[in-house]
Amino acid sequence: MPKCNKSEAQAIDYVYGELDVSQVVDFERHLSTCNNCTRKVNTYKRVLRLVDEAEAELTAHIIAPRNLEAKLYRRLAEVPPVKPTLSSRLSDFATGLLLTLREQKVVSFCLFIFAVISVAFFVGNPFRPAPTFDMSQIDSADARIEQYRHQDIQRSMEDVLRNRHLRNSDGWDTVSQLNRVKDQAQGTNWANIAKKHLKNVHSEL
Amino acid sequence: MDKLIDDEMLVTQFKSGSQKAFDELMKRYERKIFGYLLRSVRNYEDAEELTLEVFFKAYRALGSWEPKAKFSTWLYTIASNLSIDYHRSKARKPVYMLEDEDVIEARVVATDISSNPEKQLEEKERGRIIREAVDELSSKQKAVFMLARYEGLQIKEVAETLGMAEGTVKIHLHRAMKKLQTLLRPLLENNEI
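Protein sequences appear in the order of chains A and B. According to the numbering used here, the stretch in the first sequence is residues 46 to 250, in order. According to the numbering used here, the stretch in the second sequence is residues 31 to 223, in order.
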């Protein structure tokens, strides 16, 4: 049997698929004559199979965390926004321009300009709104944060009203909870709604 | 949203003010990042919190982010750093959530009522031993192993993600494999697979 000149690292690289084609051919030729390396390769394959099974058991049923989007925007509402500097704006503009050119390809961009000029010459007014990515749905982070805030208030309000019958008959628990919702809803229509419900509860007491 | 729009394009749209672009990026990667962090910290609650932290940091920094590497690589970098910080701050072995393991066991039982409960318990115990062996790896070895094995990253991408040279990544990977082989030797010798 020829003397083994392969390192343990090569066996691991082989198992991981990190060798290039010529190295794989060379290593597989070596494997056909070297029991030691064959044993090593088989062991590493078994190690990976064991770990794969154990990890799959833990993560096979994972789903994305619930309400991640809502949690993120709530979290963002708690911190002041990062204001972009002039240099970062300029570099963003340059990057955006480069990416757009890369996406559209320069040749098709030139063809488009040529087509526009031709149509303008023969037909007139070619400048219809170009299809752009989801522009109608662009909104600001502040709007999103406000939207989640409203949803939160609505949920709190619904909880208070839905569970009213579970509380003490004197209704004071409901009053204190409605007051809390009213404070939470400062500056929104929900504050007026909370006030109206408070009035009703007071009149029932 | 169009799946053909690549991540870098979405980043540009986010920089122009589109929140929807960030939502789409989050939708694309939340499950992957959560899975990576769950493997790393072994705790559903903490993995969820860290996933939120990853996207929070990404949202705040994306405005000034330069696309030198892929967006996904950058997200994994944030996740890896948070995971390393997590282990440093905990300075202890990962805590296995019994509830999580019970849920897994319940699901397995539910899908195969005729199966042998003893055998299932054995398998569950074996899975725990193996995951503990993975957790014995150093934080860098584990990060390299997980990124290369389960996140489908090439050695070059792992190197970019962790800020290491490709050679260093390979060394960590080789050490991780050797250590796992040593730690799992009893299972391998018992011919349990």
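Warning: the hint list may mix true and false statements.
Pairs of lysine-lysine, DSSO-like flavour, derived with a Cα cap of 30 angstroms [unchecked claim]:
id, chain 1, residue 1, chain 2, residue 2
1, B, K209, A, K51
2, A, K90, B, K154
3, B, K209, A, K116
4, A, K90, B, K62
5, A, K90, B, K50
6, A, K116, B, K100
7, B, K170, B, K120
Partner residues aside, some chain A positions facing chain B, computed with beta carbon under 8 angstroms [as the list claims (entries may be wrong)]:
id, residue
8, V96
9, R120
10, E123
11, W235
Derived by calculation from the structure, the hints in this document are not laboratory data. These figures come from a predicted structure and were not determined experimentally. All C-beta atoms in this analysis are idealised placements derived from N, C-alpha and C, irrespective of residue type, glycine included.
Consistency of the hints with the structure:
no.: 1; hint: K209(B) x K51(A); in the structure: holds (20 angstroms)
no.: 2; hint: K90(A) x K154(B); in the structure: holds (21 angstroms)
no.: 3; hint: K209(B) x K116(A); in the structure: violated (39 angstroms)
no.: 4; hint: K90(A) x K62(B); in the structure: holds (24 angstroms)
no.: 5; hint: K90(A) x K50(B); in the structure: violated (43 angstroms)
no.: 6; hint: K116(A) x K100(B); in the structure: holds (25 angstroms)
no.: 7; hint: K170(B) x K120(B); in the structure: holds (16 angstroms)
no.: 8; hint: V96; in the structure: holds (6 angstroms)
no.: 9; hint: R120; in the structure: holds (5 angstroms)
no.: 10; hint: E123; in the structure: violated (10 angstroms)
no.: 11; hint: W235; in the structure: violated (23 angstroms)
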